[in-house]
Amino acid sequence: NAGVMQNPRHLVRRRGQEARLRCSPVKGHSHVYWYRQLPEEGLKFMVYLQKENIIDESGMPKERFSAEFPKEGPSILRIQQVVRGDSAAYFCASSPREGGNTIYFGEGSWLTVV
Amino acid sequence: DQQVKQNSPSLSVQEGRISILNCDYTNSMFDYFLWYKKYPAEGPTFLISISSIKDKNEDGRFTVFLNKSAKHLSLHIVPSQPGDSAVYFCAARGTGANSKLTFGKGITLSVRP
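As you go down the protein sequences, you meet chains W and Z in turn. By the count of my numbering, the first sequence reaches residue 176 at its end, each step adding exactly one. By the count of my numbering, the second sequence reaches residue 427 at its end, each step adding exactly one.
Okay, chain W solo, but in the shape it has when bound:
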């Protein structure tokens, strides 16, 4: 998957705790996308970020979810006060520019809320 690194691969949280998922894009890629896949469903767009900017957050739940892509370091998807419905696979993807066909996914982070 062309070097998109996500961690942790698996994360278990109790209801009410916080989950932080990290994504390091392919070296040189400045565009990051987060997707969520619920059981038995396809991938749903959450947020699109460039360095230090949120470009499109139309897929993010209005509460408890936030994302950032700082100038230095990985992109972070943060889920506060997790609930069981947040249990899903979260995928990060990166591309070197907007548009085009070069967008690569990481292996995903599986969040389980107990």
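No lab work stands behind these hints: they were computed from the structure. Heads up, a few of these hints could be off.
DSS-like, lysine-lysine: derived pairs with alpha carbons at most 25 Å apart [what the hints assert, rightly or not]:
hint, chain 1, residue 1, chain 2, residue 2
1, W, K106, Z, K419
2, Z, K385, W, K106
3, Z, K370, Z, K419
4, W, K124, Z, K370
5, Z, K382, Z, K419
6, Z, K319, W, K106
Use these hints to put chain Z onto chain W, whose structure you have.
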């Protein structure tokens, strides 16, 4: 509102035969169409793409056809191999701030030896 539709949830094909996976879309502003392959517990792997200005793109055993007037695309795999068994996602993207990928629900391909 599902903008990218993969109406068949599964397909079973004999090894060596052709697999044809279909995808329909509703948004005429989509600029690129991509196919991804996904195994359980792994991330999607990019397979092949096509620009909206083309009607065919071929890469080895994989060919994607685009019919813009029908808002329809298809992925052909020939010859199909057992290792092709996976979930295949059709995705589409626009440009600029609309460059996010919109995915279909996927189709599970099973290639029988």
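To see whether the hints hold, each was checked on the structure:
{"no.": "1", "hint": "W/K106 / Z/K419", "in the structure": "9 Å, holds"}
{"no.": "2", "hint": "Z/K385 / W/K106", "in the structure": "21 Å, holds"}
{"no.": "3", "hint": "Z/K370 / Z/K419", "in the structure": "23 Å, holds"}
{"no.": "4", "hint": "W/K124 / Z/K370", "in the structure": "40 Å, violated"}
{"no.": "5", "hint": "Z/K382 / Z/K419", "in the structure": "21 Å, holds"}
{"no.": "6", "hint": "Z/K319 / W/K106", "in the structure": "13 Å, holds"}
In terms of the numbered hints stated before, the structure departs from hint 4 and from no other.
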